[in-house]
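Asks: One-letter residues, chain by chain:
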Amino acid sequence: MAGVGLRGVRKSYGAVEVIKGIDLEIAHGEFCVFVGPSGCGKSTLLRMISGLEPITGGDIVIEGEIVNNIAAADRGLAMVFQSYALYPHMTVRQNLSFGLENVGTAKGDIAAKVDAVSKMLQINELLDRRPKDLSGGQRQRVAIGRAVVREPRVFLFDEPLSNLDAELRVDMRGEIGALHKRLGNTMIYVTHDQVEAMTMADKIAVLRSGELEQFGTPLELFNNPTNTFVAGFIGSPKMNFIKGHVDHADRAMLVLATGEKVALPATGFDQKPGQNVTLGIRPNDLQPAPSASLSMVVRSVEQLGTDSYLYGGLEDGTAITIHSPGQTQVTPGEKIHVGAAAASMHLFDTESGNTLRIS
Amino acid sequence: MAGVGLRGVRKSYGAVEVIKGIDLEIAHGEFCVFVGPSGCGKSTLLRMISGLEPITGGDIVIEGEIVNNIAAADRGLAMVFQSYALYPHMTVRQNLSFGLENVGTAKGDIAAKVDAVSKMLQINELLDRRPKDLSGGQRQRVAIGRAVVREPRVFLFDEPLSNLDAELRVDMRGEIGALHKRLGNTMIYVTHDQVEAMTMADKIAVLRSGELEQFGTPLELFNNPTNTFVAGFIGSPKMNFIKGHVDHADRAMLVLATGEKVALPATGFDQKPGQNVTLGIRPNDLQPAPSASLSMVVRSVEQLGTDSYLYGGLEDGTAITIHSPGQTQVTPGEKIHVGAAAASMHLFDTESGNTLRIS
Amino acid sequence: QEIRFMCSGDGVECEVAMRIFERYEAANPGVDVILDKVPYQGLLDTLPIQLAGDTGPDLAFVTDLGGLNPYYLDLAPYVDRKYWEDSYGGTLDWYRVGDDDDGIYGLHTGLTITGAYINRTLFDQAGVAVPSPDADWDTWAAVSREVAEKTGTPFPMAMDRSGHRIAGPAIAYGAKIFDEDGEPILVDEGFKGFVEKFVEWNNDGTMAKDVWGGKGGTAYQDGSKEFINGDLVYYFAGSWQVANFEQQIGDLFDWEVVGSPCGAGGCTGMPGGAGIVGFEQTDHPEIVAELIDLLASEESYAEYSASARTIPTHAAVAAKGVNYEGATPLAAAALNGWAAQVSKLEPIAFAYQGNPNNRAMFNITVQRVTQAVVGELSVDEAMDRMSEDLAAALAESN
Amino acid sequence: MRVVWLFLMPNVLLFFTFAFVPIFLNFLYAFTSGDQIMLGDRPYAGAANFESLSRCRDYLDPNTCERDIFWRALFNTTWFVALQVGFMVGFSLLTAIVLNRDIRARGFFRSVFFFPVMLSPVVVALIWKWILLRNGLLNAWLIGLGFEGVNWMLESSWAFAWSVFLSVWAHMGFYTLILLAGLQAIPRDVYEAALMDRASAWRTFRRITLPLLAPTMLVVLVLALIKGVQTFDEVYAFTGGGPGSATTLIIQYIYETGFAGSPRLFGLAAAASIILAVVLVVLTAAQFWANRRNIDG
Amino acid sequence: MGKIASFLTATRGKNGRMDWTDWVSYGYLLMGVLVIFGPVLWLLMSSFKDEAEIQRFPPRFLPYTQETIEVEGYDTPLALYDIVAGEFEGRRLAQIRRVGLVAQMVDPNEPDVRLKVDIADREAIESVGLATENYTELFEKFSFLKFFWNSTFITVVATAITLMVNSMAAFGLSKYQFRGRNVMLMIVVGSLMVPQTVVLVPLFIVTKELGMLNSLWGVIIPAAATPTGVFLLRQYMLTIPDEILDAARMDKASEWKIFWRIILPLSVPAIAVLAILSVIWRWNDFLWPLIVLSENENFTLQLALNSFQGEMTTKWSNLLAMTVLTLLPIACVFFFLQKYIATGIASTGGK
Ligand SMILES: Nc1ncnc2c1ncn2[C@@H]1O[C@H](COP(=O)(O)OP(=O)(O)OP(=O)(O)O)[C@@H](O)[C@H]1O
Ligand SMILES: Nc1ncnc2c1ncn2[C@@H]1O[C@H](COP(=O)(O)OP(=O)(O)OP(=O)(O)O)[C@@H](O)[C@H]1O
Ligand SMILES: O=P(O)(O)OC[C@H](O)CO
Ligand SMILES: [Mg+2]
Ligand SMILES: [Mg+2]
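Residue numbers (our numbering), protein chains in the order written: chain A, 1 to 359; chain B, 1 to 359; chain C, 1 to 398; chain D, 1 to 297; chain E, 1 to 351.
Hints may contain errors.
[As the list claims (entries may be wrong)] Below, in silico cross-link-like pairs of lysine-lysine (DSS-like), each with a Cα-Cα straight-line distance of 27 Å or less: (1) A:Lys132 to E:Lys257; (2) C:Lys225 to D:Lys129; (3) B:Lys243 to A:Lys119; (4) B:Lys20 to B:Lys238; (5) A:Lys238 to A:Lys20.
No lab work stands behind these hints: they were computed from the structure.
Next comes chain A alone, as it looks inside the complex (with noise of 0.2 Å):
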């Protein structure tokens, strides 16, 4: 069972901590990405699951045994790097071959998983240039290659698809997804595309600065983020939050900052009167709406094609963003009311930032 568990991790360079202890679970064959803000820490967290970081403290485990003494290249795993840190001397064919070659596969074997795994990451053309030779998207691939074409049983991939078009990009996931699959080995993928990791994913973990935030399935961490950072993390554009406070009177209302007042869901939060909270609403839960209580000025507008966004603020300045799908009409300095339904809020603790919501 190559599950693999991270207790109590740590991870100081000098006087800088940036992994403070870190604790999880990946089962077997199960597909976690990693995901938070850029320099959280994630792939340091992969690197030293790898063995190529020595540890500050706690254990790493796979398949239950704690590793911390075993060097990478006995753990028997594959890795992505972030900088692809290709061999520039070979080829990419040897660049492919070199770990097959390692573990003493047979050449006719070497030969036959390479082109596949090349023609599966559409890199079969260039199997006779050196890296130099390559565009930055096709290197990323050979990096993809070159740890896939081991199949391991733990893969480590650390943004591998950041250089890659859309369709591209669509076409790896699902051959990575069905790479998944097949092989029913675990993968450790680290991610900013919001898409991978809500599509890709049995479980994600949201890092902030070293700490791990929320452990989840996708819809999970999108329908019940534990706090405001996990909430705004996931999900793109981000939540909108709007302050105000719970009305001392009825619990059911919300005072925002704006004085605008806002109805609460009967159940589902445990708020308290007077409690200053903080109210989370998707910007394709706000709807324009004639009628709605809120009202905010539009400052620009982003046309996608199939959708757009509207963003703007409300009275007292806090940023409001809405999704309208299709091409919207609405110009920059209309003034619209928005509303929502009040099943998609969300309401956080404003002090903490952790949720509301009665688990």
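We have chain A already, so just place chains B, C, D and E with the ligands on it with the hints.
Replies: Structure of chains B, C, D and E with the ligands alone, referenced to chain A:
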């Protein structure tokens, strides 16, 4: 007028022709985005404009002047490299100030500018680190900062945000947009991100294996793609393409390969009876409708939280993706009927791939 | 049995010796004499180390005659002592250390004598008479200057940069080299007297300063190039240059041996040369001894001298004179001219050459006199330094 | 990390046997006297050799020292190294940079600059002696141009200057080659970035090339210094240390005292070599220290 | 800022045009050819001069030989002269012999008439001619091929060992953090401090104790662990990004494999440099082989070369010819290896 013009520009590496004659005029102050599949020549084109890559044929014109023989340093551009190319031996601060020092900016000004830029890029805490002590996204921001701090007449960005998380990416998009407004200079920007391309660009140039496919505003490209390639490339997920032919009897009726019939809009296309055509419908325009004529079997479902995508196929196997707002209840294996409004249809000649829309 | 013969020569010495050894091989099947021809530096610098390390050849051609004495094979048990004493009496001592040493160690194959050559053609062109054989240094200096002046020759005189070379003239000027007890002193009034002159000549252009002044340390430098090019009137070197001059001057001009000028101490040059010795560590002392003895026989020795163009030390051979094969008249005359100089050598010269510390003394001389020539030290200081250096060297040796 | 020792082992073994042990023996020699070659035959002398070498009335005037030549050699070597290392590093850097450019006939030019390194010291000295002799090529030239000839080898300062020149001439190619390899290791995209940053040639050199060349530069500086101090063969064959002792360098002193001299004063020579090694260690440590930032990349 | 196209960094005008930096570069290189290669060329020329011509003042660049002519009645060819003054001015005569200031000469066309000419009146007729005997003599004089083989064997084997052993050590010292690393490094650099000249005798003793005297191995082994090589390679390897090694580790490469397949290929420029240097060192080694090898059959070319330096005289003509001959192989090695120096990894496989 720091417009940039490409006149029949070509580039070959030995026998491999990677840029096959590109003509393009980017007006002064325009924000132009290059998109295209991985390896199509975007970076090469940027490098040719910058002067780092000698051109094999054609002319590059900046401010009306042919700059083919002007050295990179003298073209007055700044570039964010896809590979970052940070100075490994310098701290972040030195990386940022090097360019300013080169042009003799006063010490105080340098400090102020570096300060401002690093704040904007949220790397102000890292100013005394060296690149090797930074995370991937932090490095990328330094690379951006190095170009931005110089405020040149033309900016070249090569996938500058690919390693940033969604939130930061939105921020950076905003910052670059603001910078563009403030400086009013020309920007050429390579990206794989649909959102970036659609939202930031004044004009988008779609490249395919060294050739320019279409050049126009984002919505132009989205609404009036000249061929299946552009149609497929712009917009994510990709447009669905369904093969068929125009009914011999009724020009307004399309007979799909599956035998199903679809009514075309009365005007807009110049299809001929019997012509082999490809119908294009974006996933967002396909709605589940029990009464609709197209029936598909759902193979997989992607839940993004705010949206869902259903992947499936028509009877003849043609892959179909449809978008469904919110979180869907459809499960793989289900058979559903889908339909689209005639207005949202695109029609292409199957042989040439060119659009049949009357322009 | 394999016998290794290490040799280095300026001419064909090694080959000629081998020719004679081959006869021994023919007579003694199973003996195989192998010639290891090495650079001269091999003999000088590395042979002693090899010997000290109990390796090295069975027999060798050597020039540091006394210095290697501890390693020599005493041939006395194998050879006819009387024949050797009679024939080589004068040089046997050079291979010995101390007065009570009566071993027979080496065969002095080629005697060298220091002394001068002149460019006879220049004298003729200048119309200046060649001084008589008993002329002194001052006379030669004056005459050389005159010839040089009249013929536009750059250098009147030159002397090889060597402690060995300057020793002869110094002795002729009264240097005693040793004190009454036979202990080396090197410096005395006589020695200093010549050095003063020598330094002066170097600085007034009489001597080609390039030779001594252009070098340092104990590096060797000769003036043969200048002489060969006709840029030098009077060249103080030694008998070994004959073959060289014969070959390279060829037809350019006439040259002659004039030997050493005279002084209060006589008209002596310095003897020297090389010999063949056997080494104690050999596995075949008998064969080694027989080989050397064969070469020492009057017949072989005469043949050797004639072929290798050396000046014989064998009394009988010397007395008969050598018929140098194939030599040009000039060269033959020169070689015989050198042979005639042997009788002029002073006992001090012999003693100096035979002293085991001679190399140290030569080196000290070169180094310090040069410093005086170039002005780093005054002559007095140089002399003081020489005495100190000598004392230090003597203290260290054994 | 045990495997690292497997990588080091062969080298360590060879080192121990053929560098360490001899150096240690040499150390022992320094405390013995006499002219015997084998250590066992030599009497113990305590620090006498060191005392003898260091006995001076006035350390600035070699004439007052017991071993005056040692001190002269020491002074000469100091000057020699200062000049030689400076010129050597300067010229080889310049040459490496030029040769690193995308020039035509690169291989040919590289070979040209490297050629002298292949020559034996004796031949190097011979060639230049021919050129510098009183009636050699250079003087013939000068006189042809209407100047007066100079007796280069007879004037102390000229002989010294030419010795420096000669050793730079002979060894420059060696360092050029090392620097060339170092320049090749600098990633090209960093230069491209500098170009886009409008760095002038000089600034690119100062701020990009030099710092990134630092590990190589350390090799060059350390080797140049050490080999500079150890200069011997070609200068010895060239001037023999003269005129007088003007170009006598420290290794010549050691060589003539211990190896080629008579009597062979191994003890004194060994003591001198230890003093030399100590000086070198100090100088090298200083270089490492000055370079410490860049040593480990 | 004008033509910034960086003299110090650029690699030829991007567009194939020569700009001033190219002119300066070529100027510098040509001067280099003059100063560096001129003397070498002269050496080459001199190796074709006969001994007398070598000793000649002032020296001449081209090798000249005196023209001779076969004259009836004389066994050996006679030297030809132009007569420039005196009675026979303008004639071309052959010299029979010279006695003092007068030469006996003969007109090749009338061999019977002897003429007396003042030696100042004649001028030798010389033409450029190569004294190839300098070379041919070498092959007659000693077993050149044997020496060549010995030198080659020593050079090749010692270089191979040096490269192997040094690069392994350099890898250890550059890519591993371990206790004692700095000590090891100091030892390496420290042993550079003592020149071989100084430790010849102790080294001889060690070599003798190991029974390697008079064997080529006695020359090969002691020289193999050059500290210079370790130091040089180590500093170069520092510039190889660690991330590539990490990638290899993830590819399950053993440390040996990493060394062999990653580090070595990426260090090719430095290894080429060391190979060149090692070849030169071993090929030109003189003093050490001289001590270790006393038997001729083990001699190297350098020892043979130096045997032209006798006690009192040096045969320059042969020595120079031999120098040129011994130079050729290493020059070839250099020419072959130098191109590897230019194969630096310009762009790494990373971002
Ligand atoms: N030296 C070379 N020799 C041959 N082909 C090359 C060389 N360098 C680049 N190419 C090819 O040129 C094409 C264009 O490369 P370029 O880097 O411009 O692509 P790109 O559009 O930037 O791709 P990406 O989005 O993956 O970065 C690629 O197919 C690449 O393989
Ligand atoms: N050697 C170091 N010394 C100090 N801090 C370091 C060092 N190396 C990395 N860091 C810091 O550790 C943090 C985590 O880095 P890591 O590369 O794991 O981030 P990441 O989550 O992968 O970010 P990104 O998404 O930008 O790649 C970063 O803030 C980085 O600046
Ligand atoms: O000073 P050197 O080297 O010429 O010594 C001369 C020899 O002793 C002559 O036999
Ligand atoms: Mg990262
Ligand atoms: Mg690219």
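Asks: List in ascending order the numbers of the hints, as given earlier, that are violated by the structure.
Replies: Violated hints: none; all satisfied.
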